[in-house]
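Generate coordinates for the entire structure from the input sequences, incorporating the hints supplied.
2 protein chains.
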Amino acid sequence: MRAEIITIGDEILIGQIVDTNSAWIGQQMNLIGLKIHQISSVSDNREHILKALSEAEARADVILITGGLGPTKDDITKHTINEYFNSELVLNETVLEDVTKIFASFNRTVTEINRKQAEVPKIAEVIRNFNGTAPGMAIYRNNKLFVSMPGVPHEMKAMVSEQVIPLIQMKFKLPYIYHHTVLTQGIGESMLAEKIQHWEDGLAMDNIKLAYLPNFGSVRLRLTTAGNDYKILLQKVDEKVRELKILIAPFIYGYERFGETPMNMSERLVKSLTDRVLTISTAESCTGGKIASEIVSIVGASSVFKGSIVAYSNTIKQQFLNVSSELLERFGAVSTEVTECMAKHICETFQTNCGIAVSGIAGPDGGTKEKPVGTVCVSLQWNDKVKSFKWRFSKERQRNIDLATQTALVELLKWMESED
Amino acid sequence: MRAEIITIGDEILIGQIVDTNSAWIGQQMNLIGLKIHQISSVSDNREHILKALSEAEARADVILITGGLGPTKDDITKHTINEYFNSELVLNETVLEDVTKIFASFNRTVTEINRKQAEVPKIAEVIRNFNGTAPGMAIYRNNKLFVSMPGVPHEMKAMVSEQVIPLIQMKFKLPYIYHHTVLTQGIGESMLAEKIQHWEDGLAMDNIKLAYLPNFGSVRLRLTTAGNDYKILLQKVDEKVRELKILIAPFIYGYERFGETPMNMSERLVKSLTDRVLTISTAESCTGGKIASEIVSIVGASSVFKGSIVAYSNTIKQQFLNVSSELLERFGAVSTEVTECMAKHICETFQTNCGIAVSGIAGPDGGTKEKPVGTVCVSLQWNDKVKSFKWRFSKERQRNIDLATQTALVELLKWMESED
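Protein chains in written order, with the numbering used here: chain L, 1 to 420; chain A, 1 to 420.
The set of hints was computed from the structure by calculation and includes no laboratory data.
Being a predicted model, the structure only gives us computed values, none of them experimental.
Among the clues, some could well be false.
Note: identical chains are not told apart, hence a pair may lie in one copy or across any two.
What the hints assert, rightly or not - List of simulated lysine to aspartate or glutamate pairs, EDC-like, C-alpha gap at most 16 angstroms:
hint	residue 1	residue 2
1	LYS35	GLU11
2	LYS390	ASP44
3	LYS51	ASP98
4	LYS209	GLU239
5	LYS35	ASP10
6	LYS369	GLU55
Rendered as structure tokens:
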């Protein structure tokens, strides 16, 4: 069983947009046990699309097509698919109703051009679009499934999750797949591999595959297995996860189970704070407000987050975060002594249970021999307890800011998880 | 003249990484007048790569290949290209020196595996890699140019800019291309089209093409022309840009000339502030520190940026930004009256020339009939002058935060540009 993706649109070829759809589709198909064999990006051109369709049909069982729908593209994909299958376009009443409803919600009436959007090839099964006006289409012929969807990411994603995956699972007998991912931080890939080598060797016996997914200072360990009895798959994998937990407990900050929506670091922290009825504030120097803005980006942040002081200059640190000039002179602005003072003070004045304080040398300038570019100090305050860290990241400014932000968030998360 | 891109690697097909390389390459090729005909992503597999190479060779003149190099991939691309061209692998002394130098900089010696990286097909011209150990290769046969590069973005980008583009321009007689882009904000695509219709109609006579590139509340207008006399191209386009400036002056916040590195909004603002020897601070509610962190992300921020108060809760607004409870009751936290007070106070206490203050309803909750989700108020302070805005963006939280941030930055930028 193989799948292919065809993306249609000049905007991808000239680099006006980055194709993020294909990676997302690749992930989703991989999760149901269907491998993407090839991705082809072609232009909004009849001959080119026809050729891509026949090439993909020769290689794959499922062909997923995105883009080239909608009135500004003259619905080139729809017309070309119609031609490829020697079908004819007919008005679909359900689609017309959907389109009319969408227009009504914007207080607009359906024009002739939009009416044309409700025409679909007779041979196709409609995949309804509840988020836009261009419908999707599914055509099943000679044991091969063709699916055409709009290129707008949120329209395409809803179609894949709600309609296309069930359709694929119905048309093809795929084995059950089960994934469980363990999220670790604070340990490199090779060190991790060494620590769990023995455990990893035992996975093959249970037909479980392990993938190391390193990403930005954290390593996700994904266990995957396939089979015909879902309950047994689940039991086998979860047992292995329990064994793993014992081996690397201090590095785990969370889990991702198959079917659950993945959460990013700040989502996890906001949830963790909400569950514990805690509030938080930040005092930031080199991260410049990024930690605060990551927290605020999460729905529900207002119930846990009160605010932040971004003290980029030392004067602000002294005036608003109670950092004395003596402390600055003795230890320097980038020191855990200073971040501890910042964390304590922000919790007191903003009256929060938790505080995160950061000071570092983001670069490219400002490094010294003792404190080179990439040196970052972080203090975490939780009621009357404090934990401090001193890291050395990279030479790149943006990378240092991003790593400081993510690592500070995850260390607080790990602290909270470990208190359970 | 056509080019194609082949990306090699399972990590793209299973969606573990998003292919950003292709969009970047597409942009660069487009800028030198070379159109990408197709992008194909294939697996780390000999037969699959061979097939992709012969298909691409049948369709295109320039074939750009990324990925599948390096020891962990067993250099699959190199071996397969070697096979495709019936060549043989030979040790290249220049590459070996480059590899040895890179290892020396990490205080490591070259292992046998790394030595193998210095082997290249005899038929290939080496494209040196100054940022990593896998060399690039160029093969020119039957008027077709094949280029293979590593998939690591910064290694590939340096190779394309410094070596591959000159090589393409040498092997193929491409016309000169000249672009000049006018950056606008505060006016929609269709309104803009209406305003400049007459001017736009006149472009064809000078063989100038216009592209509307909308992105996140701003529209970039790119003028492009091609020909054999670079000086004439430049004169023609720059004259048209001058005409355009008269028509839409209040919406222009900058220009991008072909060959100059594009700057983002915060880079432009930091440069503008630096040039004018001004300092800045921010007082943020719904953006949660994002404006501050955008400024801090720029190299050189420390000479203009002092800090920020993120006052997410009203208590913090009252205690630290001098917003009276009377003002809050009378106008509400999301009002230009409140943001003006915030902007004035942050400039005074942080002693900066400029201040940006934001308050809004990011959503999904908190909207009312008068102030629905997406309502954002911004005040800009510049010495003793203040400008205030009230916008209504979208229903999506993250989009509202991002739009508020970008629009606030660009409005200050436009203000400064207009004072010149």
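Hint by hint, which ones does this structure get wrong, listed from lowest number up? 2, 3 and 6
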